[in-house]
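Undergrad: Once you know that position 17 of the sequence shown is 17 in the numbering used here, the rest is easy, because the numbers rise by one and skip nothing.
No lab work stands behind these hints, which were simulated from the structure alone.
Any given hint might turn out to be false.
Ranges of calculated distance between the beta carbons of each label pair, as one might list FRET restraints [claimed, not checked]:
| hint | residue 1 | residue 2 | range |
| --- | --- | --- | --- |
| 1 | Thr-138 | Arg-218 | 29 to 39 Å |
| 2 | Asn-111 | Gln-185 | 17 to 27 Å |
| 3 | Gln-90 | Asn-135 | 16 to 26 Å |
| 4 | Ala-156 | Arg-218 | 19 to 29 Å |
| 5 | Asn-194 | Asp-112 | 38 to 48 Å |
| 6 | Pro-208 | Asn-131 | 19 to 29 Å |
Just so it is clear, CB atoms sit at the ideal spot from N, CA and C, and this is done for glycine as well.
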Amino acid sequence: MNDRSVNVRIFCKPGSFSVHFFWPSPHIFSFSLMVRPAYRLLWLALALASCFQIRPVEPPGQPVSDWVSPTDYEILLQNLREAIAQGNTQNYLRCFQQDSLRFAPAATLFNDNESIWLNWSIFDEQAWFDNMLANLSTGAGNSLILQQQDLQDVTADSLRYVGEYTLRINHTDTTLTTLFQGQLQLLIKANSFNEWEIHRWTDIELYPDSSWSELKLRFVQ
1 MNDRSVNVRI
11 FCKPGSFSVH
21 FFWPSPHIFS
31 FSLMVRPAYR
41 LLWLALALAS
51 CFQIRPVEPP
61 GQPVSDWVSP
71 TDYEILLQNL
81 REAIAQGNTQ
91 NYLRCFQQDS
101 LRFAPAATLF
111 NDNESIWLNW
121 SIFDEQAWFD
131 NMLANLSTGA
141 GNSLILQQQD
151 LQDVTADSLR
161 YVGEYTLRIN
171 HTDTTLTTLF
181 QGQLQLLIKA
191 NSFNEWEIHR
201 WTDIELYPDS
211 SWSELKLRFV
221 Q
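With the sequences and hints as input, model every part of the structure.
TA: Right under this line is the structure:
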């Protein structure tokens, strides 16, 4: 028994019972109650219940969150990977600068969809991500793998990250691949709380019809 344990002893006899609480010596506290036989079980249950702490039940349907304060770019990218794997829209959006995010799509998709790309904002990021989550197969198993290729300091509080991505999204649209590969270029800056955010994202197509831009275009509309 550790130093925080409380020993409870209950003694019963006709017409009464006593409950003794024993704290680590020398503190001992006890009391006796005279109760009617019909209420003995009620008092006994209350006495025992007071000895336990019940863990609050978490609301159902809440996605698991592994968000870590992104005090460097590697933590930020790990948060991005976890948000995609967990299907957590809130954490996905937290990876981006909310007011001035810019996204430049793969060049092959720009000309026919200029109105979408030129006005791209954090709301479009939320729209495509939520729509994608609504069209996942059972037990989706989404994942993002990033392989860093280049990293350059732009200023004291900003950097340019270049990496190849392999993105697995197990959606239900049979006209679109579930494996997306390409290169991303990110402008990442630290905010006033010293947390890093993605300000600009450029997508580079490496293989036909399998860029991240294809996925965004399909589900943003």
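Undergrad: Now tell me, hint by hint, if it's right for this structure.
TA: To see whether the hints hold, each was checked on the structure:
{"no.": "1", "hint": "Thr-138 with Arg-218: 29 to 39 Å", "verdict": "violated, 20 Å"}
{"no.": "2", "hint": "Asn-111 with Gln-185: 17 to 27 Å", "verdict": "holds, 20 Å"}
{"no.": "3", "hint": "Gln-90 with Asn-135: 16 to 26 Å", "verdict": "holds, 19 Å"}
{"no.": "4", "hint": "Ala-156 with Arg-218: 19 to 29 Å", "verdict": "violated, 39 Å"}
{"no.": "5", "hint": "Asn-194 with Asp-112: 38 to 48 Å", "verdict": "holds, 41 Å"}
{"no.": "6", "hint": "Pro-208 with Asn-131: 19 to 29 Å", "verdict": "holds, 23 Å"}
Violated hints, listed in ascending order, are 1, 4; each of the other numbered hints is respected by the structure.
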